[in-house]
Amino acid sequence: MFGFLPAPLIGLIAAALLAVNTLWWVPILLLLAIVKLLLPVRALRRRLDPALVRVAEAWIACNSGWMRLTQKCHWDVEGIDGLDPRGWYLVNGNHQSWVDILVLQHLLNQRIPLLKFFLKQQLVWVPVIGLAWWALDFPFMRRHGEEVLKKHPELRSRDQEATRRACEKFALIPTSVVNFSEGTRFTPAKQQRQQSPYRHLLRPKAGGIAMALSVLGDKFRAILDVTIVYPGGAPDFWQFLCGRMTLVQVRVRSLPVPRHLASGDYASDPAVREAFQQWLQQIWHDKDKQIDSLLASRRR
418 MFGFLPAPLI GLIAAALLAV NTLWWVPILL LLAIVKLLLP VRALRRRLDP
468 ALVRVAEAWI ACNSGWMRLT QKCHWDVEGI DGLDPRGWYL VNGNHQSWVD
518 ILVLQHLLNQ RIPLLKFFLK QQLVWVPVIG LAWWALDFPF MRRHGEEVLK
568 KHPELRSRDQ EATRRACEKF ALIPTSVVNF SEGTRFTPAK QQRQQSPYRH
618 LLRPKAGGIA MALSVLGDKF RAILDVTIVY PGGAPDFWQF LCGRMTLVQV
668 RVRSLPVPRH LASGDYASDP AVREAFQQWL QQIWHDKDKQ IDSLLASRRR
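Quick note: the sequence shown uses the numbering used here, first residue 418, plus one each step.
Errors might be hidden in some of the hints.
[Claimed, not checked] Here are the computed lysine-lysine pairs in the DSS-like style, where the Cα-Cα straight-line distance is at most 27 Å:
| id | residue 1 | residue 2 |
| --- | --- | --- |
| 1 | Lys453 | Lys537 |
| 2 | Lys489 | Lys607 |
| 3 | Lys607 | Lys622 |
[As the list claims (entries may be wrong)] Restraint-style ranges between C-beta atoms, simulated for each label pair:
| id | residue 1 | residue 2 | range |
| --- | --- | --- | --- |
| 4 | Leu540 | Pro457 | 20 to 30 Å |
| 5 | Ala606 | Arg676 | 17 to 27 Å |
| 6 | Leu456 | Leu712 | 50 to 60 Å |
For the record, the hints were derived by calculation from the structure and aren't laboratory data. Even glycine gets a Cβ: it sits at the ideal position worked out from N, Cα and C.
Work out the full structure, taking the sequences as your base and the hints as a guide.
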């Protein structure tokens, strides 16, 4: 609709629509969240949590609306049919840009339960949207680097306990837990620093997905392995708003939950830890080949 306008003007229009949409829905979220906080009764929570989810889904649906108005993007998508909006899912994908989150929300909203992400603790202070994440019980994690953990190993158990508490909340109503196994956004510099064996991916970390499976493994209907490819290069958020993402390719595979791994003790059993890592590395090997294939198909 706005494709004839200069890209910066499209970006300003998209940013304004996103801001208006957020400022409309977040106060409603916060009102419901405050009631839940002041009256922490389990029966009331079971009524309020679905209402909070419906508000969040309405916000995402409105975001999809302004995206259709302002973006001239072609969506090449496979694998999202036949999903159940009433079942629990673990969504595991590669990570290149903040735009990945909007892509996942746009494609999976109301096809599966609301996507919930593990977020860095600092993001709770993001204006307005940080409050929305808090209201929706998104878990905020204090992520520590390996150097810090070597000096203070007790922090590892704190991180694990925080993850466990968050996952226990997800058991109350159908939820989709999103895990980016790389732990950070892909860049060539990070790939080189890690000496990653993959052409298009960083090394995957199994800890987050292992913890989610140990707490919710009996509830997850499937693991959705999501591969996101931007053939023109991963856009940053402003480039996306300006309509410079002209093509995105998304492939979703539904994988069975590895029950034999979910029931193991990842934290203290080296054999379980090794088996988990091998399982995830095979998924990453397949994903890397799939990205190669998708990019090659665009060059032909």
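Now for the hints, and whether the structure bears them out:
no. : hint                        : in the structure
1   : Lys453 x Lys537             : holds, 23 Å
2   : Lys489 x Lys607             : violated, 31 Å
3   : Lys607 x Lys622             : holds, 14 Å
4   : Leu540 x Pro457: 20 to 30 Å : holds, 24 Å
5   : Ala606 x Arg676: 17 to 27 Å : violated, 38 Å
6   : Leu456 x Leu712: 50 to 60 Å : holds, 52 Å
Taken one by one, the earlier hints fail for this structure at numbers 2 and 5, listed in ascending order.
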